[in-house]
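S.K.: So the sequences go chain by chain: A and B. For the first sequence, my numbering begins at 898 and goes up steadily by one. For the second sequence, my numbering begins at 2 and goes up steadily by one.
Since the hints were made in silico from the structure, they are not lab data. Glycine is no exception: its CB is placed at the ideal position from the N, C-alpha and C atoms.
Facing chain A, from chain B, some residues (calculated, C-beta under 10 Å):
(1) R53
(2) N86
(3) G88
(4) F97
(5) N98
(6) Y100
(7) L108
(8) A154
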Amino acid sequence: MQKKGIISLLAAVAMMFGLWQFASQPTAAADEPNYIISTDATYAPFDFQDKNNQYVGIDMDILKEVAKRKHFTYTLKPMSFNAAAQMVANGQADGIIAGMMITDERKQVYDVSVPYYQSGVAWVVKDGSKVKSLEDLKGKTVALKTGTAAATYGKSLQDKYGFKIKYFNDTDTMYNDVVNGNSAATFEDMPVISYAIKNGMKLKVMNANDLGNAGGCGFFVKKGENAQLLADFNQAFAEMKQDGTYDKIIAKYLNAKQSTFAGDKKDNNSVWGILTSNKSAFAKGLWETVVLTVFGIIFASLWGLILGIMGISQNKFFRGLATTIIYTFRGLPLMVLAFFIYIGLPGVIGVKIPAFTAGLITLILNEGAYTGAFVRGGFEAVDKGQMEAARSLGLPYGSAMRKVIVPQGLKIMVPSFINQFIITLKDTSILSAIGILELTQTGTLIVARNSQGFRVWAIVAAIYLIVITLLTWLSNWVEKKVR
Amino acid sequence: MSEQKQVKVHVEDVNKSYGSNHVLRDISLDVHPNEVVVMIGPSGSGKSTFLRMLNQLEMPDSGTILVDGYDILDKKTDINKVRENIGMVFQNFNLFNNYTVIQNVMLAPVQLGKMGKEEAEKRARELLETVGLADKADMSVGSLSGGQKQRVAIARALAMDPDIMLFDEPTSALDPEMVGDVLDVMKDLARSGMTMIIVTHEMGFAKQVADRVVFFESGKIQESGEPEQIFNAPKNARLQEFLSKVMQA
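Please model the entire structure based on the sequences and the hints provided.
M.R.: Shown next as structure tokens:
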């Protein structure tokens, strides 16, 4: 009876997986190629989400236009810039368009289009800052965004001006660090910073007439691959430039008011306004978090049980294996593991791993290792005499485990399981780094659009607390039933 | 083989060390059907370790152990089958905490396919009746006193219808007023003809019930014989010393 229950549960889970995978398949016309294009999720005016949670920006409009003219479809993968660039470098994505500056260094790794936008690096301080020149930065902290050309430029000035560097993964957090006075300055591409300032970010450009490393932004593909895509881009771009489409796109973003994309003031100046104007985004993010958590909890618990049982096995090999697995995956930071599986592994095994799957595997391996450790401990905490008594009656090891040790051990472990469930829920937020649109990533995107960090993060925090409270109640209820 | 059928347990030249601690030295012992053998001796003399070897809870370093004619140290012997015939009672009872009293008694017969559930339950109730605990059948084991727990443990060991029973200091963890009940059950068992090997500090009980008393000291059998002779005319100097200490107390 019990066995049947477990089997049907697994079947249901497998089915949901299948459905989910199916639903996430892009719908492409059979004769049109479909490309995976990665981009930066928070890089206005090139790439950002508007108030309807659609990805817009100069890059997005250009890409859409190119696809239309050249008859291809694409699946967009918005995430942190650094991860987006690496996805192309290791073949997970076909191309990247993300306001990405053309540099010699990048040409070693990528093939690049004609420049589609001329830009340069600005250095920026807080409005009203006492810093007047680069010399004033001596000993102070400068905020940079990981993997960007602006960061490379900033880094190249470090020795000369003697400042410290702090790295960020998304633009908005970096700006706010300067506005809040934690960092004295930042380096950023001129159009990006201009857009932010126009939209109310309290920052000041110090070198508007003398941009550093002036150059162009390009569309990048992995070196030696996707030549057709690159040729299409160049050709379509030349047409757009000629017929005025390009100028229209640029004007649309550079002359826009914040409200065009970010919504009215009243929608952004109160918690209630933010909540109602973004309710579908929050709901989607929450759903993704819940789905990740539920699958994560189920599979990590099963995997942890297997590890724990192996960990107390009579067989030396299994014991060693369990110890090694637990040691390895407990020792790896969750984010490193996520990057390894999502960005590192596909380059080696040649199979693309969807972000959700990569995130789920990460959760299972990491939380499963913690679970395995306390499961092993829980079984070991069962009095040795219980096993001896069972064996002395003639019960084989397996039955003795199943009938005597496991039930008692599980009871000991219940509080640890509940604790681990809550940790799993919170750890899903780390998976925002690989672009999974869960609750935390949703918050990041909304802040990038409306610059309301305090209110948005307060909302996100409150949602987490509510879900954790519900999860705790559920767990306590289950615990009472079990005891 | 036929010769060995006459002995229930045949032990020859068994040795066991834990690191540099040589806990059993060249132990040889035969136990015959229906015989009650009581092992006495100071703590750490090796008698419990010896007892636990008879159902392979401990492995000897060398020597031979035959139980019912089966060489239990032979890898080909199904130790679980042999154990079904050897009941064991522990100092700390080791009742299964996740089951009720009657479930403790029923578990092995049902799991090992010896009986159906109903038959096992009927048998379990009879056994609980025998040890005087029929009214506790559906209670959790946590609610029992030590003496009651030990009697349930005896019933549990009997549920597989073993023909040998091992007792490892069955009364040492009990309050003094509980000891009598447990010893009474063991006496009944001895009278019924069960082959029993008992490690105990209850000298009065040993005198009364044992067919043979074996004195362990420093990992060796120093002397063995009928209770009359062991308690009234001990030859071994260490046994004399041990008895004088125990009888004083």
